[in-house]
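Protein chains: 2
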Amino acid sequence: MSDDLLGELRRAASLVTDPDRVREASLDGRGRRQGRALAIVRPASTEETAEVLKICARHRARVIPQGGNTSNVEGATPDPDLTDREAARTILLQTHRLNRILEIDPVNNTAVVEAGVVLADLQRAAREAGRIFPLSLAAEGSARIGGVLATNAGGVHVLRYGSARSLVLGLEVVLADGRVLNLMRALRKDNSGYDLRDLFVGSEGTLGVITKAILKLEPAPRARRTLLLALGRLADVETLFTRLEAHCGPALEAFELIGRAPLETVLSAEGRTAPFELTDWTVLTDICTYGDTSDGQDDAREAALEDLLTDLMAAGAVTAGILSRSEADAQSLWALREGIPGAVKRAGGNVKHDVSVPRSRLVETIERTCALLTEHFPQCAPSIFGHYGDGNLHFNIGGVDSPAYAFEHEAQIRRIVHDAVLAAGGSIAAEHGVGAMKVAELERTKDAAELELMRALKRTLDPDGILNPGRVVRVEP
Amino acid sequence: MSDDLLGELRRAASLVTDPDRVREASLDGRGRRQGRALAIVRPASTEETAEVLKICARHRARVIPQGGNTSNVEGATPDPDLTDREAARTILLQTHRLNRILEIDPVNNTAVVEAGVVLADLQRAAREAGRIFPLSLAAEGSARIGGVLATNAGGVHVLRYGSARSLVLGLEVVLADGRVLNLMRALRKDNSGYDLRDLFVGSEGTLGVITKAILKLEPAPRARRTLLLALGRLADVETLFTRLEAHCGPALEAFELIGRAPLETVLSAEGRTAPFELTDWTVLTDICTYGDTSDGQDDAREAALEDLLTDLMAAGAVTAGILSRSEADAQSLWALREGIPGAVKRAGGNVKHDVSVPRSRLVETIERTCALLTEHFPQCAPSIFGHYGDGNLHFNIGGVDSPAYAFEHEAQIRRIVHDAVLAAGGSIAAEHGVGAMKVAELERTKDAAELELMRALKRTLDPDGILNPGRVVRVEP
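Residue numbers (the working numbering), protein chains in the order written: chain H, 1 to 477; chain Z, 1 to 477.
There's no promise every hint is true.
Just so you know, same-sequence chains aren't split out, so a pair can sit in one copy or run between any two.
What the hints assert, rightly or not - Quick list of in silico lysine-lysine cross-link-like pairs, DSS-like style, CA-CA up to 25 Å:
1. K54 to K446
2. K352 to K446
3. K446 to K216
4. K54 to K216
5. K352 to K54
6. K352 to K216
7. K345 to K216
Hints were generated in silico from the structure; no laboratory data involved.
One chain only, chain H, in its complex shape (with noise of 0.2 Å):
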């Protein structure tokens, strides 16, 4: 059976069988879950993954798809726990090979690519056509498009463009048996039937293989300014963002709030002093201009923006900032959030949420949450950072002596910032999604007509589950 299902594989496709590679390939992206699989697929062409599909459908074998393997929620790579016979009817479907950017149109401002471009050589082509790509993760070196919008990535700039969802147009799309549908159309109008797209978008792989898309490139921005403000209280972050909000209109594009001590653990661990005192939240933005300008117009919007940091600092709301005066400022300070995630690792990492909320429900459900932790945990310590602008927060807790502290109690304070989350309206899954980590924890949560619903799509697309089964959603075999 494997034989026969490798022979036709090898025909169809570029196949690695290398038992180390086959491994390598398995160990989920944040090196914990070390899968099984039979074997890795590389396709080079629409045609050659529609034939992959069919000659999977027709041996009932799982075909796990995946890009750059960056998964958080261990989404892009096979179940540790398969038995033998599972592991042989097993298959990683790898995009690398479905890696050419087939257009730019900078009239139309889109992209047209395969699945397997890596989201920073695209971020690049546009650029290079005076585009900008404005999705932008910390792995954009390895992720790849396909993943990006199978997991409907978020990052740093959703505040302004969106997550992926918002900037995709067109898709291509193997079915579970082999099919191909073609929604490859470059439109930001378009009513003329259901939208599929959005159903694969955010699927992560479960409802169908995601061969090419059409993205939306964006104007580039001339300048960007960078803040980097101390807040007076947490409670303080809602009044600076309605004000830049207010003031910027859609120029204000990323918005993060940063604890004290994530701050401090990427300050030590990279050498750096404080640029001014901290105080327990501090907040990082940037602002953008577009077009022609003049020193005048240049120095009126600084003026402006002064006066309104000037009100805010006499107000109490902020306690002091820095402003960036070039781009490699901006740089510099935006390293400081980039590093955070390295820097917390090295440090013995700590159990880790991507939770988002009401951006209204944010200062309490931080300030209730904490209370709840320590109440319960007195040794914990949260390491709280995240998109503000997006409700998004990675809500993670460390221990005050040690990270094994909080590793020790890791289910009870999950269901602890759970429970809080969505008791706050939120989601317990905001911009990682759902993977293998994260389908009992929906399954204890979600509402049942939802959960029923996704069942039902499910059998719809993929009734023989053979398309990355037991991620997103479980579905009776």
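Since the structure of chain H is already known, use the hints to place chain Z on it.
Okay, now just chain Z, sitting in the frame of chain H:
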């Protein structure tokens, strides 16, 4: 049977059986097709709506959801050619009593509304809170939010804010069997499962009945500058758009293209004189500003825009233009654009198309299609206007001497326009939807796999086919 149905519905919700009122509500929005129905049911809550759906499901009665009845494609009224037996099992479900604005949250920038809220009422409530709900279209005084979302309505601000789909965060939907699907999450980031929301947005009431929504509000611009500019040649629209977009970034809120014919029609109908020597094509565009400002900043901004326009005039791309000096000026310029549909209707109407193509193919599509039409129908007179920024045109065709000419050749004209648009990678249902009018045309032109998947979803969500049957996609009963 009808008696049972009516009795049960009367116990569940407000019921109208007066034949005159039922007939009036069964006439489509353009006044062309007189449908047939048994009664109008007007639930006042989600619970009543759910009960109505349960009753109708039990009786296998058709349910036609209706908001403001402003559909241009016969999407919100029952069929004219029903048998008596069918008409006796056809119920109009009006959302008019679901008309509460439940919450405006100025920190999260969201509004929670019931489906029957009139679009203009929501716009007003948002403005009173210092925000805007940016979706704006001709029918906003009568269109209701449920219909706006069910049709993924567009309008003049899609360039900047997207269609209705981009403005909805949460949704409550009553399914065909009366179950309530609660997707009411006010979140900008939520990857906790499949995107069920976008399946209902744009499905024209064929997959479920929308009862509530959480909508995005946006910060209010401080002011807008409206420009009316005459183009040298049609192709100059690309240069003008690209230069303005680079100059303004997201401050470019609207970009409309208007042909000479519709502009002359509206000028003549309203007794206005042309503000400059007309060329074949005119552009109407809005640029907005945010926040506190100073005279110096306004003057500098003004000078930069004037430099850009001087450049474009020197190059011949723009031959003449007006810039608004006040909001009253801006409204007077927009009145020209908004007056077109009414003026054309009073002049006898024309054969209408609602199409989109990639922006980069719009010029060639206009030129090629007009040449083809004139070749086959020498007396036809194109009257084209629309949302260039979105690649969306109202590609309407009248007659040189009389509107009757175009109507006599309607089927062939439609075929020429639609085939040209599809050949350019476009859509024949850009913003008005499919309704009953374009179902057959979609069947003729859509990819088989896409149609099959649409049918599979319809069967999954509405197995008995009771929801707005015959709209969007036809399924064997």
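Now for the hints, and whether the structure bears them out:
1. K54 to K446: between (33 Å within a copy, 23 Å between copies)
2. K352 to K446: within (20 Å within a copy, 45 Å between copies)
3. K446 to K216: Close across copies (23 Å), not inside one copy (32 Å); limit 25 Å.
4. K54 to K216: Neither. Shortest intra-copy (31 Å) and inter-copy (42 Å) distances fail the 25 Å Cα cut-off.
5. K352 to K54: neither (38 Å within a copy, 43 Å between copies)
6. K352 to K216: neither (31 Å within a copy, 29 Å between copies)
7. K345 to K216: neither (34 Å within a copy, 36 Å between copies)
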